[in-house]
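K.L.:
So the protein lines, in turn, are chains A and B.
Numbering-wise, our numbering puts 62 at position 62 of the first sequence, and it's gapless, one number per residue.
Position in the second sequence counted from 1, then plus 237, gives you our numbering.
There may be inaccurate statements among the hints.
Derived Cβ-Cβ restraints for the label pairs, each shown as a range [what the hints assert, rightly or not]: (1) A:41 to B:299: 47 to 55 Å; (2) B:301 to A:171: 22 to 30 Å; (3) B:323 to A:68: 30 to 38 Å; (4) A:135 to B:369: 50 to 58 Å; (5) B:238 to A:128: 19 to 27 Å; (6) A:120 to B:370: 32 to 40 Å; (7) B:251 to A:224: 22 to 30 Å; (8) A:146 to B:369: 52 to 60 Å; (9) B:252 to A:64: 30 to 38 Å.
Keep in mind that the hints were calculated from the coordinates and are not lab data.
We put the CB at the ideal spot given by N, CA and C, even for glycine.
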Amino acid sequence: MTDRELKKQLKNVYSLEESDSGKAFVRKHEQRGMRLGEIMLLETKYLGLRSAGCGLALCLMLSLIAKTGTVHSMWVLSSILPICVLACITAIDKSERHGMGEFEAASRFSLRMIIATRMMILGIFSLVIIVLGTVVIKSVFDIGLLQVLNCICLPYLLNIMGCLIVIRRWHARENIYGCCGVTFATCIIPYLVERSEYISSVSQGWIGAVMVLVLIVTIVECILYFRESESLSWNLY
Amino acid sequence: MELVLENISKGYKDKIAVQNVSGTFESGVIGLLGANGAGKTTLMRMICGLIRPTEGKVTFDGMGTSQEMYRDAIGYLPQDFGYYPNFTGRDFLMYMAALKGLDKRAARRRCEELLKVVNLEDVAGKKIKNYSGGMKQRLGIAQAVLNDPKLIILDEPTAGLDPKERVRFRNLIAELGKDAIVILSTHIVSDVEHIADRILMMKEGKIIFDGRLDNIGMDLEDFYLKKFEED
Numbered sequence: 001m002t003d004r005e006l007k008k009q010l011k012n013v014y015s016l017e018e019s020d021s022g023k024a025f026v027r028k029h030e031q032r033g034m035r036l037g038e039i040m041l042l043e044t045k046y047l048g049l050r051s052a053g054c055g056l057a058l059c060l061m062l063s064l065i066a067k068t069g070t071v072h073s074m075w076v077l078s079s080i081l082p083i084c085v086l087a088c089i090t091a092i093d094k095s096e097r098h099g100m101g102e103f104e105a106a107s108r109f110s111l112r113m114i115i116a117t118r119m120m121i122l123g124i125f126s127l128v129i130i131v132l133g134t135v136v137i138k139s140v141f142d143i144g145l146l147q148v149l150n151c152i153c154l155p156y157l158l159n160i161m162g163c164l165i166v167i168r169r170w171h172a173r174e175n176i177y178g179c180c181g182v183t184f185a186t187c188i189i190p191y192l193v194e195r196s197e198y199i200s201s202v203s204q205g206w207i208g209a210v211m212v213l214v215l216i217v218t219i220v221e222c223i224l225y226f227r228e229s230e231s232l233s234w235n236l237y
Numbered sequence: 238m239e240l241v242l243e244n245i246s247k248g249y250k251d252k253i254a255v256q257n258v259s260g261t262f263e264s265g266v267i268g269l270l271g272a273n274g275a276g277k278t279t280l281m282r283m284i285c286g287l288i289r290p291t292e293g294k295v296t297f298d299g300m301g302t303s304q305e306m307y308r309d310a311i312g313y314l315p316q317d318f319g320y321y322p323n324f325t326g327r328d329f330l331m332y333m334a335a336l337k338g339l340d341k342r343a344a345r346r347r348c349e350e351l352l353k354v355v356n357l358e359d360v361a362g363k364k365i366k367n368y369s370g371g372m373k374q375r376l377g378i379a380q381a382v383l384n385d386p387k388l389i390i391l392d393e394p395t396a397g398l399d400p401k402e403r404v405r406f407r408n409l410i411a412e413l414g415k416d417a418i419v420i421l422s423t424h425i426v427s428d429v430e431h432i433a434d435r436i437l438m439m440k441e442g443k444i445i446f447d448g449r450l451d452n453i454g455m456d457l458e459d460f461y462l463k464k465f466e467e468d
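Model the full structure from these sequences, guided by the hints.
P.N.:
Next comes the structure, spelled out in structure tokens:
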């Protein structure tokens, strides 16, 4: 084949109309799929205000405790922590509550995926709160680590567990009222623990065991909620 | 481009919502008519992949409803829906564009285009909780076509629209039907009589009529009433 013929053939090839597969490729390239990380960032943006508000409040409280340094203020913090849970956890169910569930379920990222990312974000946020609280209290007060964990984690985890149980069972606005009730109950636990001589005499090991149990139930509740969100997207209402 | 429904049925505990629905659909507007409770919404949800059929299957160009490519190809407007109250119209469209996997730059361009098409350009920056019912409906329509879908499913899309918007919307649907399969469910005959290429009628979960509009040979409203009285 001469150069001239080759050039002619190439010219013909390039003047061809774009094929369907070519168009599909361009369209696919333009609609590049979002990755899980990007979806997480997007959800963080929408959950961000709540989380940032709670984080800020928590930092202020921790700095106050670090300054005043009384054991009583530690129990006050312990009572306030569950409110951070209340401010964030109801966001897990917001698709259903606001009627966006069907839109999200019919998108590329299913409702299940969106709920999973929300849970992951709130899980990370909880971990930060617990670690930060433990570090500050441990550095201010001369008490054992287990006692600090019991004081910081137990009411927090109890509230998460209680709220998840409520959210998994009630899918409308009532779950907010339910979560408020659970939060109120968990907020008074530290107060009761501090006052009650009997509870104070229970060994820290036992309280630690209760905490582990609560953690297990919380994980089970998360898994069940996640699974049910799939069946919810398959069998709406 | 072909949507195939193979003998699909959906039963709940004490009720069969959809019974043995079959059909092959190509590009154009398909009007799905039926009274309230006829099973239209259940059928639409099965086509979208939101509900798994008890029997049968739905495929679009050979893809099943659980495949990502299938989800990429659909645009859906549900019958009952809501919005996150803190979203503005533009925020909502951008959020949906992200969930549909659109690139950010392309999404922004497409959102502005669609806000103009549905006549919400001036209020795009306002919170959705301040929108009227018709405005919310138009925003829902905009999100349904955001990803340039090949299969558009609209469940009672004209509910809440004023007559002028209804006409505007019908024109938009007719335009979309040139290059995609548009399934439009309604119980209002006038919504589909001028734009539908094919009509399906549903009653008690069954398809009682499936045919082209040209073949009906009489006023669609009269035919619809006649058909429902017959069965």
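K.L.:
Please go over all the hints and tell whether each is borne out by the structure.
P.N.:
For each hint, the structure was consulted:
no., hint, in the structure
1, A:41 to B:299: 47 to 55 Å, "violated (34 Å)"
2, B:301 to A:171: 22 to 30 Å, "holds (28 Å)"
3, B:323 to A:68: 30 to 38 Å, "holds (36 Å)"
4, A:135 to B:369: 50 to 58 Å, "holds (52 Å)"
5, B:238 to A:128: 19 to 27 Å, "violated (49 Å)"
6, A:120 to B:370: 32 to 40 Å, "holds (36 Å)"
7, B:251 to A:224: 22 to 30 Å, "holds (26 Å)"
8, A:146 to B:369: 52 to 60 Å, "holds (58 Å)"
9, B:252 to A:64: 30 to 38 Å, "violated (59 Å)"
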